[in-house]
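Enquirer: With chain A fixed as given, assemble chains B and C onto it according to the hints.
Here the protein sequences come in this chain order: A, B and C.
The numbering of the first sequence is this note's numbering, which starts it at 16 and goes up by one.
The numbering of the second sequence is this note's numbering, which starts it at 340 and goes up by one.
The numbering of the third sequence is this note's numbering, which starts it at 177 and goes up by one.
Hints were generated in silico from the structure; no laboratory data involved.
What you are looking at is a predicted structure, and each value in this text was computed from that prediction instead of being measured.
On the chain A side, residues computed to face chain C include the following (Cβ under 8 Å):
#1 PRO99
#2 ASN100
#3 LEU114
#4 GLY115
#5 SER169
#6 MET184
#7 THR185
#8 GLN186
#9 SER191
#10 ALA192
Glycine included, C-beta positions come from ideal geometry on N, C-alpha and C.
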Amino acid sequence: MQVSNMKTISQTSPVAHAQLKSNAKWALVNGINTAVEFGSAEVEQARKKILGVTDVSCLSRYGVKGAQAAKWLAERQVTTPANPNSWSVSDQNTLVLRLGGSEFVLEDQFAGSTCARLASDTNRVPNVYKVPRADAAFILSGSEVLNMLSELCSLDLREKSLGAEEVIMTQIAGISAIVLRQDLNGEQVYRIWCDGTYGPYLWDVMVEIAVELGGGAVGLACYQS
Amino acid sequence: MTLRTSKQVGEWINRNKKISFKFEGEQFTAFEGDTISSALWAADQKVLGRSFKYHRPRGVLSLANHDVNVLMTDGIDTNIRADVVEVKDGMVLTAVNTTGGVKKDKSSYIDSISPLLPVGFYYKAFHTPRRFFPFWEKVIRNAAGLGIVNFDYPRILKRKQHSHCDVLVIGAGPTGLTAAYEAAQAGLEVTLVDENRQVGGSLTYDRGGETAASKQLNDLLIKVANQSNIKMLTGTYAAGYYPDHLIPVVSEGGINKVRAKTVIVASGAFEQPPVFRYNDLPGVMLGSAAQRLIYRYGVKPFNNGIVVTANDYGYRVALDLLEAGTKVVAVVDLRKGTNTCGAAITLAKRGIKIYAGYCVYEALASSDKSSVRGAVLCEYDNIANVALTKNKLTLECDGIAMSAGWAPAGALLYQAGTGMQFDNSVQQFVPSRLPAGIFAAGKVNGIFDLEQRLQDGKRAANEALRYLGLEAPQITVARPVGQPSDLSCPSHPYPMVPHDKGKNFVDFDEDIQIKDFVNAAKEGFDNIELMKRFTTVGMGPSQGKHSNMNAIRILARIRDLPVEKIGTTTSRPFFHPTPIGHLGGRGFHAHRLTSLHDWHQANGAVFTDIGAWKRAAYYPTNGQTKEQAIQTEAMAVRTAAGIIDGSSFGKIEVHGPDAAEFLERFFTGSYKTQKVGRCRYVMLLDDSGVIADDGIASRLADDLFYLSIGTSNAAAVYREMQRSQQMWQLDIGLVNVTGAFGAINIAGPVARTILSALTDLDLSYESFPISSVRESHVAGVEARLIRVAFVSDVGYELHIPMAHVPHVWNALLEAGKQHGLRPFGSDTQRLLRLEMGHPMPGVDTDGLTNPFEIGADWAIEMNKPYFIGQRSLQILAKRPLRKQLVPFVLAENFKGEMPMDCNLVVDGRAILGRVTSIAYSKFINRCIGFAYVSPAKTAVGSTFEIRTDSGTLVKATVAAAPFIQNQKGA
Amino acid sequence: MKLLTCPMNGTRPLSEFIFGGEYREGPDQNTCTDAEWAAFVHNRSGAPGDKKEWWYHSPSGTWFIAERNTLTDKVSRTYLLGANNNNSNTAQEASK
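Looking at chain A on its own, in the form it has when it is part of the complex (with noise of 0.2 Å):
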């Protein structure tokens, strides 16, 4: 019986299926064989500025809901969004998603760990109950993205109808996703979750569109400084 460091064990991005094909350079990210970069740095941000699509289904996520869950996140220094449907960051470095009234979907951006300190957590508490996540995770930027998201989802995602602290679900390309709207770094992005198995299909679909529309696909690496 071999008992192996669940560190070593080899994982891979749920979407790496569609990005075997591009010639990208992978590297271990959180233990996440992840697609770093598709291109040299200058065509990468060319993409970027255009529209670039990232892979950071990486990052670390915990998800936990039920009636109890923002007092038990709260008890752990967990600082949520006081509204259904918005989010917030805590920490400095973790985005707290509310989804609906009493979900959470936490995700650490590349610096926290607060994701990998509440899964330390294993008691079980009534009325919260740990969500596994398992999220194709992507981050959208550039100055066409709403004209990609425009053919992606029916809904007005621009500026003066997605406010700054909303999560909205919805559905990307046909499937569920939560979508947000960031600034990072001083610049607009969109970020998007759906559900991991989904993640190939809906990377193709967004790579083909930002392709026709002079982005492309944009690694991790670009974000990760």
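Expert: Leaving out everything else, chains B and C in the frame of chain A:
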């Protein structure tokens, strides 16, 4: 000879850019911005196409997207509308629907036998004798249709996008531009669409010989251009109205679905032709078409023209013709009386002869029928609406411009549910009851005077503002009130001139003449919808834009009813023909992949779609057929072991103190007594007691059950659980972990040996018996292990985080290499479970099957207070069964035609049931299956007959399930 | 395409929703006759008028009730079952 005029203010052509193209083998030149028709007309090419039915030569009619006799083919593209499509350098054009070219169309003989081909002739003529119908069908099919479909046409998919605005203004004429400007001034976000290449509507061509209109247009455009909150889309038509103000607007680039908060329809009106003999000759065109030729394309419509009119608009047309250098031979006005409108006075001053109370009785064709050589005028009786042929008068001319009235471009208003009423004063259907949030303005609203139209645009904008809760003053714009005979009425009540010899066309698409309507009415088709279908009026590509209104007037006259009582035909989206590639869009086919997808691909899997999932169905090796691959994989499971990727199974956690209570209500079995670490079968019924799905519930803790259910129904089952919880409000939490967890099933006699190398869990049958669950580690990964006997009585389902599945899968393959372990797919799984004697919901059951019929009584705990379907089962239990599912075998070494799923179980002529699953099992060396049979014949050893596709009867024998012996020790 | 207002997620196009059938109170299954139960299970009133319907907002997994007039296709109110009017969305609110 060229008919090109000197440069016109605001013309759409660029005279600095010459282009050349071919039409019917001849070389032509054009200016950039010309349409195909305008370029040809400028070159004095007047026969541009042939009509659909009689193959009569046709030229320019409207130049407004309904010259449907002038459709062209350019390479693989066909049915190009020459009147509006820009000509491109190098185009090689031919007219559609000709036999041997547009000039000498061999099919034009049909025109001379037209009396033999009245409307509806093909409905009646070819019925009997029946044996000749295939011959006639071929003839008719050859004759019908326009351009020839090219089956090598590339797959061109256009983008389908969504957009949003406060106000959508449809039509960018003076009314629409004003409405858009006013709404934008109030700070609203406005989208303005127009099907034309340039905005301006009537201001781009209706000038009455003056330049005021073009100046007015410029002023409007400057105002609009300064509003950054107006999005202007030209070359874009609003194709339909869908609920809650969703309007797909279509352009070359694709469909944009505009969701508006409010809609202003300023779509204008279609000019309607008067109906007289030979009103279809090339050279006879609508007044507005003549104006478009002049001001948009700098083309003189003809040299010596007659204007036949029934409203004041024709006088403006005459002035525009003079401006273009056409000699206006006469203005012929159906109406009597001295006209005092400005245009009439100017014309009189310029010495133009005006025949008031006259009609064109017939146009005279040149010898080859390809152009006009003159017109015969008669006095016109405006009460009986007939020509008084006593004193005919012949005038020479080479063209006739026609203005008789207007029909509203009201398709979208109708689709939105607008009540439309016939306004006698303006002789037009106008909106009388508009749906909330929709406003109509301008000509479509029965307002024709230019100043009034501008006001009406402002009025509509203000109403839209108020609808959105903003303040805006109320403006009233009234339609003129009067008699249809008043000279100010924009449309003539009955602009028809009967003629003994006919050929007075109402519908140019389908060559329908006045007499055709009379005949249709005589046949009893005297309702507008019936008349449309019998005569085919309005059913051609122009969809009645120039014919429906006249058809309604004719029917009203035939039935001696007011127009109001006749009504209109139904308007449906799309308003205009739209390419399939536009409708298709990019075509999103969402699908789910497990984390093993790459592995399956690399190992030659054949995939199958199950729900949204792509699943590996089987892995053929060395050129195996599907059947061979499945048997090989199944044999491995029976003799050694196999693994299958079960990541697509539905997986749901039910947490909370009431978890067992929830399961007891939701499923048929009992779960409160289920011990932690044990698994139980779950079956879901609907209210009527029909089986919906089944699965396994594993109890991981007092307050935690882990459910695994079939792939295809998983989303629906979870949804129903959520709905039940919404009703029951129990203290539970539902977590759908379908995508978060993957699953691997390892099964077969050596499965335990292989698995034991990767876990320190005690796998002995004593401590981990069948139908139990353990939480442990496999290959270092946290896993839930479930002992299921679905495909083999030695089987372990490993449920692990999706991202870890490849790691565990590879570890199992490595550990099992020496034991003959191999992967198997979902098709093989089907065979394996059949060998095990497990019926599958949805395969062996249908939308009417209750649990008693599949012998699942054991899975039902009737003594619970409640479960979904319980009450219906109480009723069903009292009734005799009508059919019952049995396992069966075919004869040993069966060699005949293999029965298939859904073949019937028969007894003579009686149908007793059907086969639900059937397969050959190599392991048993027998054909085995499930079938519904009569409940009287379910004893093992009973026989029944299956009728195959070819009608052969195959004998089957009821068997005992499972079909295979239990493994030792399992 | 029609719009529908989910009490939790706001106004969305109909494509985000799944219709769950008419919301009907069944007879008490312990006291009703077989015929009454069968009528409840198998019979539906097709008469147009105001109906309570189940709708499911698919991306968020929200079941709610919509009161809809099946003749005019106007939805007057949507709300979560058992939540009284706290989460109700009237048509007016929805249009804003």
